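Undergrad: Add chains B, C and D to chain A, keeping to what the hints say.
Number of protein chains: 4
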Amino acid sequence: MTAGRHFLQIPGPSNVPDRILRAMDYPTMDHRGPAFADVGRRALEGMKSIFKTESRVVIYPSSGTGAWEAALVNTLSPGDTVLMYETGHFATLWKSLAQKLDLNPVFIESDWRAGADPAAIEERLRADKGHEIKAVCVVHNETSTGSVTPVADVRRAMDAAGHPALLMADTISSLASIDFKHDDWGVDVTVSGSQKGLMLPPGLSFNAISDKAMKASETAGLKRAYWSWADMAGPNDTGYFPYTPATNLLYGLNEAIDMLHEEGLENVFARHQRHAAATRAAVKAWGLEVLCQVPEHRSPVLTAVMVPEGHSADNFRAVTLRNYDMSLGNGLSKVADRVFRIGHLGDFNDLMLCGTLSGVEMGLRDAGIPYRAGGVQAALEVLGQKFDGARAAA
Amino acid sequence: MTAGRHFLQIPGPSNVPDRILRAMDYPTMDHRGPAFADVGRRALEGMKSIFKTESRVVIYPSSGTGAWEAALVNTLSPGDTVLMYETGHFATLWKSLAQKLDLNPVFIESDWRAGADPAAIEERLRADKGHEIKAVCVVHNETSTGSVTPVADVRRAMDAAGHPALLMADTISSLASIDFKHDDWGVDVTVSGSQKGLMLPPGLSFNAISDKAMKASETAGLKRAYWSWADMAGPNDTGYFPYTPATNLLYGLNEAIDMLHEEGLENVFARHQRHAAATRAAVKAWGLEVLCQVPEHRSPVLTAVMVPEGHSADNFRAVTLRNYDMSLGNGLSKVADRVFRIGHLGDFNDLMLCGTLSGVEMGLRDAGIPYRAGGVQAALEVLGQKFDGARAAA
Amino acid sequence: MTAGRHFLQIPGPSNVPDRILRAMDYPTMDHRGPAFADVGRRALEGMKSIFKTESRVVIYPSSGTGAWEAALVNTLSPGDTVLMYETGHFATLWKSLAQKLDLNPVFIESDWRAGADPAAIEERLRADKGHEIKAVCVVHNETSTGSVTPVADVRRAMDAAGHPALLMADTISSLASIDFKHDDWGVDVTVSGSQKGLMLPPGLSFNAISDKAMKASETAGLKRAYWSWADMAGPNDTGYFPYTPATNLLYGLNEAIDMLHEEGLENVFARHQRHAAATRAAVKAWGLEVLCQVPEHRSPVLTAVMVPEGHSADNFRAVTLRNYDMSLGNGLSKVADRVFRIGHLGDFNDLMLCGTLSGVEMGLRDAGIPYRAGGVQAALEVLGQKFDGARAAA
Amino acid sequence: MTAGRHFLQIPGPSNVPDRILRAMDYPTMDHRGPAFADVGRRALEGMKSIFKTESRVVIYPSSGTGAWEAALVNTLSPGDTVLMYETGHFATLWKSLAQKLDLNPVFIESDWRAGADPAAIEERLRADKGHEIKAVCVVHNETSTGSVTPVADVRRAMDAAGHPALLMADTISSLASIDFKHDDWGVDVTVSGSQKGLMLPPGLSFNAISDKAMKASETAGLKRAYWSWADMAGPNDTGYFPYTPATNLLYGLNEAIDMLHEEGLENVFARHQRHAAATRAAVKAWGLEVLCQVPEHRSPVLTAVMVPEGHSADNFRAVTLRNYDMSLGNGLSKVADRVFRIGHLGDFNDLMLCGTLSGVEMGLRDAGIPYRAGGVQAALEVLGQKFDGARAAA
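Residue numbers (the UniProt record's numbering), protein chains in the order written: chain A, 1 to 394; chain B, 1 to 394; chain C, 1 to 394; chain D, 1 to 394.
Excised from the complex, chain A in its bound form (with noise of 0.2 Å):
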């Protein structure tokens, strides 16, 4: 027993506000019975203007994972090349599934420290006269370091090497926490999921099309039933699924949707900078060091934050678990036990954000790491200046 709401300060699941968890805790209902055309075009067409696009979105009854696995599958044949690029954890996982599905994935690697870089892409493509490569894929919010690839520039690097690859975007933890524009950026293949930005917890994951994406499908050569988009298309067009789709996180999802528009998509992308920001300036107060070196790739989602050489971050995370009842993102892999990451995105607010981060300023004292008082004090001072002007005017 813990007195009080615990604090789930991972760069997701993100927090699930009541109205979604409300939501859900309704009777399940007849996937193919007359009502639920409403419910399933709702999820639809509500995910489109999510994705900024006017193409089509599939949504799978499945983890973040699957997400990658149908883009793949449905869109490329075995032997392929793709052009994947190590921004981090989660782009190396994305790798390796490419590869246990018999695809040829050629890695840029890099030292986790950045998001992908346009222009290494565009080095690549130009040398692929060939055009083997068949996809560009990129994690937009890399989540194990907290680097964002700018997304459009890569597009604009493969435009100007003249490359016809599909581009790819993993947007699993970025989706409605960062702005993305599937559309406009000229994406072919986003993957999402539900548990980061759409504050449901997981079990749904989505693709959104472009006609170039779809048109690779119908001769791509890797075998698919789950994942087919061709499969979800028919159904889909009058709001209902070939399989049964997991109906209570849809109730969920349509409410996700409505909360993420009465907040206005634009507000909920500056909250998510501002909270960033604060977070930053405390780390910097603190004297310790952000991971991601490029200041414009900085996550708006999340900040992994390096603890000094000699201590050990995983040591931190449980010591503040145990004394504060607060959960933080964990090093993998490469940066295993080196960095802590902190969760800032979904349903959160400036005081949330207060909590947090007091809770891993008592913890480095706690855990002894070397630090400097004055972290909270200084994120205070970034989250008040938004009233600047009020007062200024009062």
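Misleading hints may appear alongside valid ones.
No distinction is drawn between identical chains; accordingly, a pair holds when it is met within one copy or between any pair of copies.
To be verified - Heads up, simulated BS3-like pairs for lysine-lysine below, C-alpha to C-alpha not over 25 Å straight-line:
id	residue 1	residue 2
1	K223	K95
2	K334	K95
3	K386	K129
4	K215	K100
5	K334	K386
Just so you know, these hints were derived from the structure itself, not from any lab.
Remember, it's a predicted structure, so these values are computed and weren't measured experimentally.
TA: Then chains B, C and D, alone, in the frame of chain A:
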């Protein structure tokens, strides 16, 4: 606005009890944190008790269709022959899925009015001298027809034929409603889903895996990532998952497992048998015909009822939904518009069944289907027999 | 562990619909903050539409018993005479409560088999030349017997007698189930509660107050604090309360009011009438007797059924609860063990009623009560008549 | 639409934990059926463990105000003198309520900056040679000021004066947050409510009753019905109630009692003390003044903070609500607009407190209240001291 509770009497998703909805209505937790291990272990161990197996169970965030795919891609290689049996629409869909995945299904055709015939399977296997057939796939409870295949007899037939193929059984609509013994019956891969006897919303699916099937997965040539048993095994051993699980559905699953054991699995099975008997008594009294012609194959989970020639089962269902707020299952494919299906599974009791049968009886009248009154009355008599002993003793 | 949904067929608390439970399942808010005013105003205004009044409604955090007390202590003085009518157990309790509060009730006795007789009231009032009687108190729907008092006729009787007493009506089990018109019928204080037609859990009670009653409260001599209308009036005018209101029940109340208007109050009343007619048809078919002997007084909300001499209604109810998981109302006081009461009110529909009557019919058999089979069948015929026109047209 | 969770930091209603909301979110049951007895008994027995009493506890469906009324009307007679103590707004309201009920309160006045002074009470009692005073009524934790009255010392003062009056204590905002011992401290009637330390929504209130008080009720002359202890006693003895209880709130109450014992009452009290100390450290760092001037009377439940002359506490609260979505308590009556109140009670933890104090610190700035930065920082230091031992040991 319709007053009162909707009667969801399709053969799944079944009615989700309040205890399960409330269990799911809790904040999502850190699926990599220490507290999650208990959630994961309870679910994985608990499902073994439901499948009656000592070997491995895996849980996917997906529909049951995903678990069909998982069973095949983990054990088979491109071009492999599988023996499947046309018990109805879902057996046919599983066959189509096998074809999409580059397998070669041999399909034993039928008129959809019985479960699979073990003798027919035995005959095919005896004829397969070269052991081209790598797996025999049957549907335990065919949801589209209400016919049960005697899975233990299929195993006996395979053994009698001395055939080494794997035995796979789909228990999506039977598990936790009809007795099933993965180990005792020598099943190699059992496929299941959350939204029927397990009383959950859709969104989880399962494979129970024999050692022989696990061994087969080491050399199986079909490509897999999301569905990979091997990737699941390691994390599962400590209660975790290789990718984000559907946390809130797992909360519900643990509640469901507790509820099933509180009632007692054998009591659950007996309850389903009794409700099916009462339903068939009603059908007989109405002068209508049950689709399944083999008495011992008639399903404890649902009853598919034929409407007389010249009448529309779908119109009857629409009238019943409109007038009495009850959803019934439709006839699929071969029996479209010829049958309706009454679900009597999951979290269900005598008075809910009486309400259901009353809705059918009134709907028959309202839709102009020829019938004799008295079906509900006949059901009351069957239901009451349970208490005859107590009356005699009183 | 009992599978399926409990049938709560007592005459209140009635079944609380999921929408209302979910509306209540939200964090409690600051009842003095700006956002609360809207909650309070919606509840106070909404209840006027349910009472069909333009004058004041007050809401107490209390049971209906509290609203009985409030009606009396706000309007009367120690030793005042009130004319009350013994329609059953609850009328008798209200009389006892009046005595405890130092009032002098004159009680018109009856055999509990009808609503109040306006002629008898008129006679008493005519005899009261000195206007000693300060209030006439009747129970609109007597929950213990299933008899309805014609309140409009009581007002006519009072007017015919030219008597200035206040008219008070208890609508605890009738409001939002049986038509009631506080203003049109000239009622001075209407008493009600949350857990019947309003479909809420118990915990809120109401007074609707005519201007005449409000005026009387200015000089009434009984002491009051918690129940004081005067203290309520000021804060209520802006949507607030003088002490902490039962916030979460108010959330539910606002949802209930919306639901009633979505269905339409007249439709709600007609639904109750139809279910009562079907229930009485079942009782007649069983060969049993309805307690209320005056056909036009028979309640749309509940039906009290007499068991034959020498049989125990309470044993029947215990058997029905044990065998079929259904709660029925017991006989109270004068009719203890002689009647059982079937509630058919609130969030209720045809198939729930059929399940209910099926449980009664099976329970009668199991308990060894002499009866004729066929009650449910008779009810089906009454229920189906609603759709005869549609059938004829089809 | 405001993102994230509202900070409800008024001194009650406190934040209702999810476990309690979910426990309440179940169908209402038959409060006269056999299954209810267990619900009722658990609540009635459980509350004894919270009041630390072996004698009777009664539970009303009402606000705390009702339990004030119940305490008086059950034990006193018209015109009786009661000694009350003006610790603040709520003590004053209780006095007004006594006047409305025809009692004669003698009110010891104060400046609202301390709890009741037992010496002043003793002096009055010694002067009351004729034992005209029938009851001494004190507020344990005065919610309007954040001052605690030492109830055990009041009992000692009464005993020292050899005065036979009853001792009544209002623990509406202290019970289950500050240690209270009904039996050991010789309290005769303890009044409480559900929406503070018990972590429930408002709607339940309580009296704990000594044998002496119960005895007094036999001859007390004030009239009572709804509040009658005598009417409660019989049904309560078997777990039932004389009128419909607030069933769903009782579900929540039983969950609350379990949660308090799981944490351990002494741990709960220590947690409140620690949070109050951290809050006072923040107030001191801001350069502001706590309303309560007697250090040992300062409340573990809330802290009332004075704003400098010439500044508006209400404007500060409005700014804080608008900018940071946090509700704070207002100054009432004598201290209207002069103080704001920070609630730190109920289901609350360190990081929620840090978020709360951050909101206050930013709100002070935004509202233009003169303050020194560093309050949150000071609180972090106090909170961290709990873990110093563990750090030293590590």
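Undergrad: Evaluate each hint against the coordinates.
TA: Hints versus structure:
no.: 1; hint: K223 / K95; verdict: both (18 Å within a copy, 15 Å between copies)
no.: 2; hint: K334 / K95; verdict: within (15 Å within a copy, 44 Å between copies)
no.: 3; hint: K386 / K129; verdict: neither (51 Å within a copy, 65 Å between copies)
no.: 4; hint: K215 / K100; verdict: both (24 Å within a copy, 19 Å between copies)
no.: 5; hint: K334 / K386; verdict: neither (37 Å within a copy, 35 Å between copies)
Hints 3 and 5, counting from the list given before, are not met by this structure.
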